[in-house]
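*Asks:* Can you make the complete structure from the sequences, with help from the hints?
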Amino acid sequence: GSDLHTATLSALAFEASYGLGEGLAYLAPDDEEELFSALRLDRFLHARVDKMLLEQFNRAKRIIERERLEVDRVAEALFIRGTLDASEVVELLAQQPRLKLVDGDDRKTG
45 GSDLHTATLS ALAFEASYGL GEGLAYLAPD DEEELFSALR LDRFLHARVD KMLLEQFNRA
105 KRIIERERLE VDRVAEALFI RGTLDASEVV ELLAQQPRLK LVDGDDRKTG
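In case it helps, our numbering puts the sequence shown at residues 45 to 154.
In case anyone wonders, no lab produced these hints; they're calculated from the structure. Predicted model only: the values in this text are computed from it and were never measured. Glycine included, each C-beta is placed from N, C-alpha and C at the ideal position. Misleading hints may appear alongside valid ones.
Pairwise CB distance ranges, derived in the manner of DEER restraints [claimed, not checked]:
| hint | residue 1 | residue 2 | range |
| --- | --- | --- | --- |
| 1 | Val134 | Arg103 | 21 to 29 Å |
| 2 | Ala69 | Val134 | 39 to 47 Å |
| 3 | Pro73 | Lys95 | 20 to 28 Å |
*Replies:* What follows is the structure in structure tokens.
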């Protein structure tokens, strides 16, 4: 499936199977078909899953904005080479470290 499918399935499992979301109630087994059935039938579960996905989407956007130079460096290398393994990404990011200051919330600024 798509990234959105995978993220939705993970959020569903957190909310409906693992008790790691807003509610503790066990709503469905950790089974894709059962979870998506629960999502279709329970509008409150749907709202909680949608909220979790939106929060994580916004978190990802903030990280990308904060680390824009590194993201652009990796994107350019991917465009040129087509693929990168983990060691190549680490090497790319280490080539031109940029000064990062830490504010009181331990968030990187730069």
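*Asks:* Next step is simple, just say for each hint if it's right about the structure.
*Replies:* Going through the hints against the structure:
no., hint, result
1, Val134 with Arg103: 21 to 29 Å, "holds, 23 Å"
2, Ala69 with Val134: 39 to 47 Å, "holds, 42 Å"
3, Pro73 with Lys95: 20 to 28 Å, "holds, 23 Å"
Every hint, counting from the list given before, is met by this structure.
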